[in-house]
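J.: Work out the full structure, taking the sequences as your base and the hints as a guide.
Just so you know, the sequences run in chain order A, B, C and D. My numbering numbers the first residue of the first sequence as 1 and each following residue consecutively. My numbering numbers the first residue of the second sequence as 1 and each following residue consecutively. My numbering numbers the first residue of the third sequence as 1 and each following residue consecutively. My numbering numbers the first residue of the fourth sequence as 1 and each following residue consecutively.
Some clues are possibly wrong.
[Said to hold, decoys possible] If the Cβ cut is set under 10 Å, some of the chain A residues that face chain B in the computed set are:
{"#": "1", "residue": "L215"}
{"#": "2", "residue": "M216"}
{"#": "3", "residue": "A218"}
{"#": "4", "residue": "R229"}
{"#": "5", "residue": "G232"}
{"#": "6", "residue": "A237"}
{"#": "7", "residue": "A245"}
{"#": "8", "residue": "D250"}
Hints are computed from structural coordinates only; laboratory data are not their basis. Because the structure is a prediction, the values reported are computed rather than measured. Beta carbons are placed, not taken as given, at the ideal position from N, Cα and C, and that holds for glycine.
There are 4 protein chains.
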Amino acid sequence: MVVHNETSTGVTSRVPAIRAAIDATGHDALLLVDTISSLASIEYRHDAWGVDVTVAGSQKGLMLPPGLSFNALSERALVAARTSTLPRSYWDWAPILAANRKGFWPYTPATNLLYGLDAALDRLESEGLENVWRRHARHAAATRLAVQGWGLEVLAADPREYSASLTAVLVPHGVDADAVRRIILERYDMSLGTGLGKLAGRVFRIGHLGDFNDLMLAGTLAGVQMGLRLAGVDVPATGLAQALARLEWDD
Amino acid sequence: MVVHNETSTGVTSRVPAIRAAIDATGHDALLLVDTISSLASIEYRHDAWGVDVTVAGSQKGLMLPPGLSFNALSERALVAARTSTLPRSYWDWAPILAANRKGFWPYTPATNLLYGLDAALDRLESEGLENVWRRHARHAAATRLAVQGWGLEVLAADPREYSASLTAVLVPHGVDADAVRRIILERYDMSLGTGLGKLAGRVFRIGHLGDFNDLMLAGTLAGVQMGLRLAGVDVPATGLAQALARLEWDD
Amino acid sequence: MVVHNETSTGVTSRVPAIRAAIDATGHDALLLVDTISSLASIEYRHDAWGVDVTVAGSQKGLMLPPGLSFNALSERALVAARTSTLPRSYWDWAPILAANRKGFWPYTPATNLLYGLDAALDRLESEGLENVWRRHARHAAATRLAVQGWGLEVLAADPREYSASLTAVLVPHGVDADAVRRIILERYDMSLGTGLGKLAGRVFRIGHLGDFNDLMLAGTLAGVQMGLRLAGVDVPATGLAQALARLEWDD
Amino acid sequence: MVVHNETSTGVTSRVPAIRAAIDATGHDALLLVDTISSLASIEYRHDAWGVDVTVAGSQKGLMLPPGLSFNALSERALVAARTSTLPRSYWDWAPILAANRKGFWPYTPATNLLYGLDAALDRLESEGLENVWRRHARHAAATRLAVQGWGLEVLAADPREYSASLTAVLVPHGVDADAVRRIILERYDMSLGTGLGKLAGRVFRIGHLGDFNDLMLAGTLAGVQMGLRLAGVDVPATGLAQALARLEWDD
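T.: Take a look at the structure:
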């Protein structure tokens, strides 16, 4: 079981490498991937990457309220489900698959969200999924340039695993990341993600996924830059300037 | 008849001075003021300033779709309307005032917009009208600092008449302001106002009225700065930096 | 100037007959028709009937909130407008026609209502305008059968002029129509139209236009029947029964 | 485990009697009640009736889209959950209760539905919960009078268990209930519930729960009456007439 995009740290797993590692061992383990905060924001390929179960949700890259979750299943996952003796009821795929074939759902469906999904998919298809991925990758790159310009560090250590959905930023020692977040919320009405677990107080997280464009990112980074300074972290204006220089060119 | 805030140029009339000038002549002319783009964004006082007729609309500072217009009337305006022999029907105040007294409107009212108005007034009252004015004045000051930082000129010549709702910016000679606007619309999905009449091609206008906060302004100014550079106007990053320095402090 | 559908009485003017009468005199008067409560509910043909100016609104058959008004103009009306010396400004067609040609409007347009109009026209076209007219004619016929079954009278005297948008019903002498309306509003949360001018207290009006179907009409007529009885008008259940008998067959 | 209101049959369980029966045996079994289609439509008292776990949903009496589910828990249920060794994760109350205490939810909450719930509860409280129950009981009584007038039978056998949320109606032998439903859907755009399991083709179900008033019921019953006749079931108009006679008086 792998989280494709780790929301609390801003790290994106290299799923194909994980699949290859499993295959190399000759083990027949199923590969399950959580794409809640990556689907429709970061390149992801259920079939091509040999994933057995993909779990996704409506409330991030699909730009909808929370309330829908999705599973994509490989043939092997279906076989495993059919032959498994684990007790199950609500989470059982069999009645769902049977109903889906006729365009239905075995329980009361969230019809209003399905209408929203229809509109969201229209938007994604009209932009083109590869363009959507490229847009988020570009925003993530510009965000990292801002962080670098501020003299701060991105939490993710391996550039191959930088997240295109969000960036977790380490604050200097002696600074409380939650105090920075509070100032930015109060002064600029912008809510940044908090550090979780052992990262509490050490990082704040900038989201740049879903329905997001260049000027939203510019406003977001301006808010972070001003908030850091108000919190006593004397970051230079170079941060935002470097990000904007990146946003001036398209690809 | 005076326009309080001239939307095409970003100039705000000094209404009390105009009233005083009329009074100084001893003439009994009525003073009519159009506040379409100033009401609930720029300080305005119908009674204290001795205005006879104020005309306002729903679609700017009141943060609603277009569709409602408002008149505030002085006692003298009412007397003039009663004694005037000018023919009138739809624009006649008498049936409206009579119906209003009972909470009604003589014709089919736009009830959905009235519900919206109720919500908009709640928001304005909860922020406090003086705070709303201050917010827009601060955004306008930050915008002018950006313009100055870019080495460009604000169209309004007299600092007492700078508009807090919008800022018209002169582009350097040889640059087509509409080309700048087009680039910004295409690249950053932001629509700036065009120059009208003899200002066509010479100015673009940045709106900062209504439901607007610091980070929206930061995103807006970032878009203008990037767009100018993409259009070949080599403005320095100082523009946005000066605006943000202003937005770091509150008053 | 003719009102196509007289909302206060439930009478529909025979516009072609009026046109023919004008033509018969050889007079070159323009024919102006108000279709506020008939457009997209009752058959109407601007060109075929030789109308010069048609006035319509968004808030009835077009199923939108109030806020848009429409004019259809004949060639003769355009010539008259061009050659007339009557002073005009806001109501002047010339700048509107010039802007319309390029898909614009000379003043701030109510864009949100235009999106609504787009959806409303899709619905009307998908049902088919002739079917829409037929639907309302059928509902009006069923309503009159109910009125007859109750032993009451429809206000409109000439069957050729029965309105398909609404039906005005005369209450028996000694009964206050507004008391009936009040009871129905309080008990059944349904608001009927009041009698206007000399019809005050003598009639109530049942609307059956716009987005309306058989069961809404059934509920409406049930509410009127119960309300009349509660108001002391001992109408028989035959009224609703006759209306339903009509709604059982389609055409 | 008891379903308070059985949606497929229109039968309401007498929960206090079930509680008494359990208590009479001296058994310490927990009592779990599903109130999906009864909450806020039919009298229900979690504490007074000694229920241990109540399960409810947003999409019926609470008048919201599907997407929220609620549990009310007795002290004994909490103890059982704490001491039980059954494996659980998503359905575990402990983290939810801990987060709820601070006004939060351990996972991504459906915030938009929570705003809707706030509005729905305002409406229910403004009508008064006992009045809401009385309204639905009255509509159910009127519906049964219609069924009786048509010469048909209500599926529920015991009058103490008639549902106030919905009424399942048996069609005469030789009639296909689904054919009746199809005609009503096609002709009158009204969707009735189908018979499930061994009731397939034998019953249709009339819902009268949630945001529902007298004239909606009148329209509904008119549609059923007309649809039955169109389907060849020659029911008399007495059905609707008897229902309306009931709706004429308030209590």
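J.: Given A:L215 as an interface hint, is the shortest Cβ-Cβ distance to chain B below 10 Å?
T.: holds, 4 Å
J.: Does A:M216 meet its interface restraint, that is, does its C-beta lie within less than 10 Å of any C-beta in chain B?
T.: holds, 6 Å
J.: So, A:R229 near chain B? Judge it on the closest CB pair being under 10 Å.
T.: holds, 6 Å
J.: Taking 10 Å as the limit, does the beta-carbon of A:A245 come near enough to a beta-carbon in chain B?
T.: holds, 8 Å
J.: Measuring from the C-beta of A:G232 to each C-beta in chain B, is the shortest one below 10 Å?
T.: Violated. Min distance 12 Å.
J.: Can the hint on A:A218 be confirmed by a CB-to-CB distance to chain B that is less than 10 Å?
T.: Where the cut-off is 10 Å and the nearest Cβ of chain B is about 3 Å from A:A218, the hint holds.
J.: Could you check if A:D250 really has its C-beta closer than 10 Å to a C-beta on chain B?
T.: holds, 8 Å
J.: At a threshold of 10 Å, is the proposed contact between A:A237 and chain B supported by beta-carbon distances?
T.: This hint holds: A:A237 lies near chain B, its Cβ roughly 5 Å from the closest one there, short of 10 Å.
Checked against the numbered hints given earlier, the structure breaks only hint 5 and satisfies all the rest.
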